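Protein chains in written order, with this note's numbering: chain A, 1 to 450; chain B, 1 to 371.
It is worth saying that the hints were derived from the structure and are not from the lab. Everything numeric in this text was worked out from a predicted model, so none of it was measured. By construction, the Cβ of each residue, glycine as well, lies at the ideal position given by its N, Cα and C atoms. Every clue listed holds true.
Covered by chain A, according to a simulated footprint, are these stretches of chain B (three or more residues, beta-carbon under 8 Å):
1) 44-50
2) 59-72
3) 297-305
4) 317-328
Here are the simulated lysine to any residue pairs, SDA-like style, with alpha carbons at most 20 Å apart:
5) B:Lys239 x B:Glu210
6) A:Lys350 x A:Glu312
7) A:Lys326 x B:Gly347
8) A:Lys344 x B:Leu53
9) A:Lys350 x B:Ile296
10) A:Lys102 x A:Lys423
11) B:Lys46 x A:Ala358
12) A:Lys344 x B:Leu50
13) B:Lys80 x A:Ala358
14) A:Lys25 x B:Glu302
15) A:Lys350 x B:Val65
16) A:Lys350 x B:Ala292
17) B:Lys28 x B:Leu61
18) B:Lys66 x A:Ala349
19) A:Lys25 x B:Ala292
20) A:Lys344 x B:Gln68
21) A:Lys326 x B:Glu303
22) A:Lys350 x B:Gln68
23) A:Lys326 x B:Glu297
24) B:Lys80 x A:Ile361
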Amino acid sequence: MEKIPFIICGEQKTGEHQVLEFGPKENRTKICLPEITESDIRQINKSDMQAMHELSIDEIISFYSKVGRLWNSTTYEKREELVDLTCAVTGYSKEMVELGMKQICGVLTKEYLEATVQSDLGDKRLLDEWITRAESSVHCQPRGKALHILAGNVPVVGITSILRGSLTKNVNIVKMSNRDVITPSYFAQAFYDIDPEHPITKTTSVIYWPHTNQEMFSKILSFVNVVCTWGGHDAVQETRRNAPQGVELLEFGPRRGMHLIGKEAFSELNKTTIKAAHDLTLFDQECCYSPQMSFVEGDVNKYAESFAKSLEEENARLPKGYGDPKFHANITNARMYSKFRGHKVHTSAKTEWTIIVADNIEDFPTHPLGRTIFIVPVKDLIESLVHIGPETQVVAIEPYERSVDLREHLTLRGVDRITHLGKMGYFAVGAPHEGMYPLSRMVRWVKMRQ
Amino acid sequence: MEWEIDKLLQHPEPFRMPENEADESKFKSFIQIFEHHYKNCEEYRKYCELYNLKPHDIKTLDDLVKIQPIPSDAFRGTQKLITSVPQDKIVMVATTSSTTSKSPCRYPLDADTLRRTSMTGIRFLTDVGVKDGFMCMLTPSPDESDTGLVRGMNHVLKDGLKFGDRIMYAVHNGNVQTEAVLNNITSTHHRPVHLYGPPFVYMHLVDYIEKHGIEVKLDKDSRLLITGGWKTVAGEITKHELNEKLAKTFHIKEDQVRDGLGLTDIYTMIMECEFHNKHVPPWIHVSARNPADMNIEVDEGEEGILVLMSSFITSFPAIVATGDMGAVWNKKKCECGRHGQIVEHRGRGSKLGARGCAIRLEQFMEAITRK
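All chains should be modelled from the sequences, with the hints used to inform the complete structure.
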């Protein structure tokens with residue numbers, strides 16, 4: 001039984017109010033969480049927004065850079081515990097969790113954070129000063145309290161959300177997902193380990209309540225000014241329904257990724273499929289950027305065979321994590337369906353990965369995720385466009401030169417990001433996210449006429 | 001052609017046959033039906049060939065695990081029916097509901113299958129204790145619903161058990177006719193009175209009776225059959241709690257309330273015995289497969305993907321995996337004295353969607369208000 005603390009304005013609080021269980025039934029991990037009391041809610045509501053406002057952006061970036069160094073340090077006493085518990089709770093393999101840690105530490109650097117603010121707001125000084133723009137002096141004020149409703153599927157995504165809250169000088173209230181009740185709690189614990197008196201430490205709260213607890217959700221929503229909601233359709237809809245008028249709502253709902261493979265990619269097929277396999281493997285295909293379908297010019301069977309080999313290799317490097325039997329059942333069902341329909345199905349020995357090749361896109365089964373890709377042969381990549389809409393967040397194209405001809409078509413159809421094959425899970429510095437610059441929406445743009 | 005299944009269906013006590021006799025008869029029926037589908041359904045034969053499976057590979061009942069199931073989604077949305085009989089033999093195409101797909105599964109049925117469906121229906125109803133009296137169906141009538149649980153049950157009651165006019169349907173135009181139900185079940189001179197329907201309609205009735213302080217006393221031989229559809233009331237009430245409530249409200253014993261498992265893809269209903277175990281009749285074989293490897297069965301009582309096989313359906317390969325999860329016991333003894341497999345439904349595979357007639361009923365009856 002592990003007691004995971006909630007963080008109430010920097011203070012750790014443990015308890016045995018809620019018990020969550022994770023993992024296989026023969027080796028369950030039990031996590032005890034405390035109760036959120038009325039007093040906790042009052043304290044969170046009274047978080048010192050002024051102290052956050054008084055921090056300079058450089059102080060904020062400096063603080064998070066220290067957190068990054070701490071988490072990157074092999075001597076940090078909580079690191080091993082964090083990794084082990086994250087594996088047990090999320091089901092991800094240790095290799096995957098370590099990759100997630102590496103991604104987080106890559107984000108927690110002065111260079112990355114400065115570039116993020118600079119590209120998102122245009123000028124990082126706007127957070128501290130009044131900057132002349134044409135006839136006005138312009139300044140970015142924090143909105144106040146930012147609630148982050150996390151999905152828990154990709155650790156770095158939750159951390160990014162929290163960072164955005166701080167980089168805009170908002171007070172952060174983090175609602176963990178039962179998918180990952182570890183990473184955000186340990187992240188905030190690291191604040192305390194660096195400086196227990198720091199305004200970021202003293203204004204950050206990390207809590208959890210089950211989604212059925214509408215009352216708690218309403219109480220918290222009643223005093224926040226901005227909500228960043230991540231996850232599935234139901235979670236996002238729920239927030240939209242309940243958010244009071246005037247609250248800035250940033251939605252990061254469910255999306256999917258696609259691969260477009262041009263015939264030129266066959267000249268170095270092995271390299272191509274190694275990159276494609278990495279995209280598919282990342283976080284066991286649970287991300288909004290994970291590829292679910294691949295449109296391939298040329299010999300699809302040759303491509304699928306090479307892809308299968310690469311997936312086997314990638315699975316050895318980043319093993320698939322634990323999944324509930326029902327997820328395995330979905331994969332098995334999709335395989336059986338496809339075989340019955342006469343599609344070509346390539347599989348691992350168990351349910352680690354699956355490739356299904358079919359001519360008719362309408363004939364695929366319900367997508368089971370879990371490292372499954374549907375491959376559709378096309379004569380020209382342009383044929384894929386009819387199957388791509390706003391539900392597709394990111395498209396990876398190989399060779400990348402082909403993106404020049406496709407980018408206008410793809411983005412007009414709703415795609416937000418075009419990237420290199422193998423890079424779907426890595427965000428370029430300065431890039432917008434889901435069609436917006438989030439920091440610019442987490443501040444109030446104020447002006448004074450000169 | 002002489003069908004082994006027809007001999008099996010003639011048995012007066014199919015749930016209580018000596019185990020050796022039941023096993024032998026079951027095996028003969030299943031090997032014959034598998035051969036039939038293998039020979040007459042081209043898609044299924046090709047599918048078996050992918051697994052290098054031929055009828056002669058099935059030598060004992062234990063070999064039934066080698067038979068590859070078809071995911072029920074494969075029956076969905078196809079123009080061409082998957083069938084093991086010539087087109088001119090198909091007398092009806094049955095559909096099952098879905099909450100995740102607009103296309104229902106389409107199952108062709110021939111006259112032999114329908115005849116046997118009726119016989120199996122009679123067998124399970126009489127086994128559970130519904131032989132005569134009055135039946136109140138807490139569902140729409142067959143005129144308002146084409147679901148298997150409504151039409152199939154109506155067919156069995158009217159034609160099989162000769163209930164004639166001793167049936168009422170409680171739902172009209174999406175509304176439960178609560179007062180008419182209570183009036184009929186308390187005033188009819190046809191006894192015992194039985195009820196059949198999904199849990200949420202039962203709960204609606206109980207709420208109404210409690211709210212209005214009405215006294216409703218059913219008979220010692222009454223049966224309250226629940227058709228599944230527990231998803232709707234998940235988190236509101238457990239099976240045990242509903243059983244208790246129904247027993248108290250209708251002044252009956254708890255063992256008169258029987259939960260059913262509607263296996264709509266193979267046109268079968270499995271009802272609980274008085275000890276609340278769901279006994280699989282010998283014309284059905286249920287197998288719980290390892291979710292990561294369909295060629296392996298999980299241990300007795302362990303959760304796996306349910307594979308359902310019917311030996312009485314000749315018109316399509318009724319060897320299906322519906323995405324349901326469950327546990328199977330092959331050797332468990334029940335105090336009721338019935339033999340054979342026992343099955344327990346453990347929910348749906350996630351994201352596979354909820355299927356089953358009660359879910360469709362629930363959509364149909366959205367207008368019902370449960371205060």
